Amino acid sequence: EAGVAQSPRYKIIEKRQSVAFWCNPISGHATLYWYQQILGQGPKLLIQFQNNGVVDDSQLPKDRFSAERLKGVDSTLKIQPAKLEDSAVYLCASSLVRGPTYLYGYTFGSGTRLTVV
Amino acid sequence: TQLLEQSPQFLSIQEGENLTVYCNSSSVFSSLQWYRQEPGEGPVLLVTVVTGGEVKKLKRLTFQFGDARKDSSLHITAAQPGDTGLYLCAEGGSARQLTFGSGTQLTVLP
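Protein chains in written order, with my numbering: chain D, 1 to 117; chain B, 1 to 110.
Keep in mind that the hints were calculated from the coordinates and are not lab data.
What you are looking at is a predicted structure, and each value in this text was computed from that prediction instead of being measured.
Ideal Cβ positions, reconstructed from N, Cα and C, are used throughout, including at glycine.
Errors might be hidden in some of the hints.
Unchecked claim - List time: in silico BS3-like cross-link candidates among lysine-lysine, alpha-carbon distance up to 30 Å:
no.	chain 1	residue 1	chain 2	residue 2
1	B	Lys70	D	Lys44
2	D	Lys83	B	Lys70
3	D	Lys62	D	Lys11
What the hints assert, rightly or not - Just a sample of chain D residues kept apart from chain B, beta carbon distances all over 12 Å, derived:
no.	residue
4	Gly28
5	Thr31
6	Asp56
7	Leu84
To be verified - Anything over 10 Å on all C-beta distances counts as not near chain B; from chain D, calculated:
no.	residue
8	Val4
9	Glu14
10	Lys15
11	Ser27
12	Gln41
13	Lys71
14	Gly72
15	Lys83
16	Gly105
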C-alpha cells in the first residue's frame, strides 16, 4: 500500500511571499488532515476534511492560510502571505472513515519543512 | 481543550539502559495513541490503548494506560540506537481528531 505523499519536502521563502503544499492521501481514505509542527512541539491540527468537505478548520489562521480538497482526493494547503512564525513542518495525514478514532490510526506523510526568512 | 503533558522533554541514555516516558492529562482520555517520529519523517503509530489499566507490549516497548485513564507510560527495555526519536502521545477525540502532546525527544547513544 502506497503511503501518504507530500511535496515539496523542503521550501525556503521570504516573509510576505506565498507558498503551497500538496498532499495525496492513501487510496480510499476519506478523511484528510493537515497538521503544523513547530520545532520542539507536537503536531497541531489545522484543518480536517472528509471527502471534499471541511469538518473542522477552527484552528486554521484563515487570514493567511487556505486549504482545499477538490474531488475528495488530493489536497493543497496555501499560505499567503507567509510570516516568520509559519516556519514549521506541515504534515498531511489520512485515515479511514469507519469506526471511532481508536479503531485505527492516522498515516502521516513525511511532511514539508517550511523555512520563512 | 484537553492538554497533554509529556515528560521528560528530553532524554539521553546509553544503549542497553531502560527508560520510561510519561503522558498526563487534565481530564479523562477517550483513547490514547503513542507515535514515534524520526527526523525528517511523519509520526508512525506504535499502539492504541482504550481501557483503563490496559497494558500492551510491542517487543521491548511496554505501554500502560492508567486505571483512571488520565495518564499513560511507555517503558523501553534495553534501549537501542534505533529507538532514537520523538515519542508523541495523542488523544483521540469524538471527531476523529488527534490532539498531540509536545513529545519526549529520546536519544540512545551507542
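Now for the hints, and whether the structure bears them out:
Among the hinted pairs, Lys70 (chain B) with Lys44 (chain D) is consistent with the structure: their alpha-carbon atoms are about 20 Å apart, no more than 30 Å. Between Lys83 (chain D) and Lys70 (chain B) the alpha-carbon distance is near 37 Å, which puts this suggested pair outside the 30 Å criterion. Distance hint between Lys62 (chain D) and Lys11 (chain D) is fulfilled; the C-alpha atoms sit about 21 Å from each other, no more than 30 Å. In this structure Gly28 (chain D) is separated from chain B by more than 12 Å, as the shortest Cβ-Cβ distance comes to about 16 Å.
The Cβ of Thr31 (chain D) sits about 6 Å from the closest Cβ of chain B, inside the 12 Å cut-off, so the non-interface label is violated. A Cβ of chain B approaches the Cβ of Asp56 (chain D) within 12 Å, the least distance being about 6 Å, so the stated non-interface status is violated. The Cβ of Leu84 (chain D) sits about 21 Å from the closest Cβ of chain B, beyond the 12 Å cut-off, so the non-interface label holds. Not every C-beta of chain B lies more than 10 Å from that of Val4 (chain D), the closest at about 7 Å, which undercuts listing it as non-interface.
The beta carbon of Glu14 (chain D) is kept farther than 10 Å from every beta carbon of chain B, the shortest such distance being approximately 24 Å. Every C-beta of chain B lies more than 10 Å from that of Lys15 (chain D), the closest at about 24 Å, which supports listing it as non-interface. In this structure Ser27 (chain D) is separated from chain B by more than 10 Å, as the shortest Cβ-Cβ distance comes to about 18 Å. Not every beta carbon of chain B lies more than 10 Å from that of Gln41 (chain D), the smallest distance being close to 5 Å; the non-interface claim is violated.
Every Cβ of chain B is farther than 10 Å from the Cβ of Lys71 (chain D); the closest lies at roughly 21 Å, confirming the non-interface assignment. With a closest Cβ-Cβ approach of about 16 Å to chain B, Gly72 (chain D) is found to remain outside the 10 Å limit, as its non-interface label requires. Every C-beta of chain B lies more than 10 Å from that of Lys83 (chain D), the closest at about 22 Å, which supports listing it as non-interface. Distance check on Gly105 (chain D): its Cβ comes as close as 4 Å (rounded) to a Cβ of chain B, failing to clear the 10 Å threshold; non-interface status is violated.
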